[in-house]
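Colleague: In the order they appear, the protein sequences are chains A and B. In this text, residue positions in the first sequence follow numbering that gives the first Met the number 0: the first is 0, and each later residue adds one. In this text, residue positions in the second sequence follow numbering that gives the first Met the number 0: the first is 0, and each later residue adds one.
Hint data in this document are derived by calculation from the structure and do not stem from the laboratory. It is possible that some hints are incorrect.
What the hints assert, rightly or not - Examples of chain B residues toward chain A, derived with CB under 10 Å:
id, residue
1, 193
2, 194
3, 199
4, 200
5, 201
6, 202
7, 203
8, 205
9, 258
10, 274
11, 276
12, 280
As the structure is a computational prediction, the values presented were derived from the model and not from experiment. Cβ atoms here follow ideal geometry from the backbone N, Cα and C, with glycine treated the same way.
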Amino acid sequence: MLELQHLCKSFGGVRATNDVSLTFADGSLSAIIGPNGAGKSTLFNLLTGALRPDSGRILLDGRDLVGLTRGAIVRRGIGRAFQVASIFPSLTVEETMRAAVAADRRRHFLLHRRFPLAETREKAESVLDMLGLADQRHRRAATLSHGDQKLLDVALALVLDPKVLLLDEPTAGMGPEERWQMIERVHDLWQRQRMTVVFIEHDMDIVFKIAPHIVVLCYGRVLAAGTPDAIRADEAVIAAYLGTAVDTDTGTATAAA
Amino acid sequence: MVRRAALADVLGGAAAFAVLAAVPLLIGGKAAPDFVIRCAAYGLFATSLNLLVGYGGMISFGHGMFFGLGAYAFGLLMQRTALSIPAAFALTILIAAAVATVIGAICVRLKEIYFAFVTLAFQMLIHSLIISWVGLTGGDQGLRGGIPRPVFLGVDLANRIQLYLACGAALVIGLVLMHRIVASQFGYTLRMTRDNAERAGYLGVDVVRVRLIAFVLAAVFACVGGVVMSLFVSGAYPDFADWTVSGDGMFINMLGGINVFLGPMLGTVILLLLNDTVTRLTEHDGIVLGVVILFFAIGLRKGLLDFVLDRIAERRATAVASPERG
């Protein structure tokens with residue numbers, strides 16, 4: 000279980016994360032939504048050790064992660080993919096995966112051997128298969144399509160067998176069709192791997208369709224957290240953020256209920 | 000697969016050595032073997048620099064300090080102690096590794112431009128130390144009086160042919176080892192830190208440690224280049240530790256290419272050939288070299304080997320594409 004207790008982070012006078020307390024149950028799929036500047040990415044940066052909170056605790060299975068380095072947090076089981084695909088442009092897909100697996104197994108200082116373990120290869124292969132990247136394995140990451148670069152970024156996070164997978168706008172920069180493909184992959188992944196997945200997403204159709212648990216951030220605060228129905232019905236959320244945007248067929252029904 | 004790649008390197012190295020060994024037999028006179036020995040010294044140095052520049056993305060302007068350090072440490076050990084050549088060689092490598100660990104620990108944390116300048120600063124420090132510590136180094140006169148070359152294991156480096164073969168062996172073994180490093184797991188980790196250090200950090204890679212190891216390894220091979228040079232000239236001179244050596248290393252990498260392992264080796268041959276021919280024809284060799292560098296930097300925009308391989312790849316791509324179109 001991932002538990003955030005009273006997390007705070009300020010930049011100058013701006014409270015980017017303001018007393019955020021949240022719980023993500025094991026095996027849950029959660030979406031984080033909120034307007035630009037709501038502190039969504041900051042929250043991910045706090046969870047992964049890229050930023051250090053001013054106060055508060057981050058507990059993964061009861062152990063505090065605050066103060067650990069990025070590398071140590073990764074090893075505790077929090078993996079992350081980025082809004083702008085963060086990959087290794089000059090490496091091929093296969094090289095990327097094997098190098099990442101080896102880094103995870105702490106074999107990356109080996110001077111005399113290339114990708115030594117059969118296990119390393121199998122792990123890399125299985126992740127590529129899972130994400131449908133296997134037939135791209137000999138291409139350089141820089142030459143992949145935008146969508147495949149995003150998938151490779153996710154694959155890098157998966158290599159480490161995370162307990163919690165954080166996806167920062169997995170569908171950013173994609174066309175409508177590509178978005179659904181991507182989100183189906185994420186959903187499929189979540190169902191098969193039984194890991195905790197938290198993703199940031201702007202597309203409300205996607206969020207309300209696939210996320211059983213939604214967190215709404217606004218000005219660094221948690222405005223609401225709960226099921227899609229509860230969020231649709233939440234007056235604070237409607238007032239501050241959703242407005243009439245969800246007054247689509249399903250939205251109106253729940254709002255009226 | 001793994002074993003096969005290593006075997007290919009060893010066989011390739013053996014073949015290269017056989018070719019080098021045949022040079023004095025096929026071409027009479029001293030010029031060709033001497034040229035090869037200089038290529039060995041500079042080639043080891045330039046290839047080791049490419050470990051940093053090409054594979055690690057670390058632009059060092061002070062790498063020449065390890066070339067000079069190798070030459071001086073080895074020369075001094077041979078002149079002032081009773082060590083055998085292999086022992087002095089091993090100790091020289093240890094000294095270079097130790098110095099590189101200290102300097103690297105300070106430098107590898109720095110961002111690009113600061114890394115470049117601080118490495119340059121350390122080079123100048125070592126250079127001025129050599130100039131000013133006259134009692135030990137002979138100051139600006141260098142280590143004179145020749146470097147003794149006692150026979151070891153039946154090898155007599157005072158013999159020209161044996162010296163030639165030893166230098167050729169040092170080159171080939173050095174290149175094979177560096178190629179193994181580049182192809183190793185560590186080599187790929189180094190590329191990760193070059194491409195995207197932040198992401199590597201998120202994979203649990205200790206970026207500073209990876210860079211430090213690369214810095215020390217590169218220093219060791221540069222120092223071997225220096226040892227070869229000191230054996231060749233039977234001495235060591237402050238020029239070996241001057242920043243211009245680092246500059247030459249950069250030129251070589253620009254000439255030959257940094258994306259292919261043997262690029263710097265090709266660059267070494269080009270630079271030394273240019274040096275030898277141009278200085279024979281004109282005093283203004285600097286101008287000629289400058290024009291050549293400009294041609295590579297602005298005209299090709301990459302080193303020769305990079306250029307050639309890119310063209311081949313392009314041609315192959317169009318060859319694959321055109322039948323589909325037709």
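Colleague: Hint by hint, note whether the structure agrees.
Modeller: Checked hints:
Contact between residue 193 of chain B and chain A, as hinted, is supported at the beta carbon level, the nearest pair being about 8 Å apart and thus within 10 Å. The interface hint given for residue 194 of chain B is met, as the beta carbon of that residue sits about 4 Å from the closest beta carbon of chain A, less than 10 Å. The beta carbon of residue 199 of chain B comes within 7 Å of a beta carbon in chain A, closer than 10 Å, and the hint placing it at the interface holds. Against a cut-off of 10 Å between C-beta atoms, the interface hint on residue 200 of chain B holds, since the closest Cβ of chain A lies about 5 Å away.
For residue 201 of chain B, the interface hint holds, the least distance from its beta-carbon to any beta-carbon of chain A being 6 Å, beneath 10 Å. The interface hint given for residue 202 of chain B holds, since its Cβ lies 5 Å from the closest Cβ of chain A, which is under the 10 Å cut-off. Nearest Cβ of chain A to the Cβ of residue 203 of chain B: about 4 Å, under the 10 Å cut. The hint holds. The beta carbon of residue 205 of chain B comes within 7 Å of a beta carbon in chain A, closer than 10 Å, and the hint placing it at the interface holds.
A distance limit of 10 Å between C-beta atoms decides the matter here; for residue 258 of chain B the minimum to chain A is near 8 Å, and the interface restraint holds. The closest approach between the C-beta of residue 274 of chain B and any C-beta of chain A is roughly 32 Å, which is over the 10 Å cut-off, so the hint fails. Annotation: interface hint on residue 276 of chain B violated; nearest CB of chain A at approximately 36 Å, more than 10 Å. At its closest, the beta carbon of residue 280 of chain B sits 40 Å from a beta carbon of chain A; the interface hint therefore is violated under the 10 Å criterion.
Violated hints, listed in ascending order, are 10, 11, 12; each of the other numbered hints is respected by the structure.
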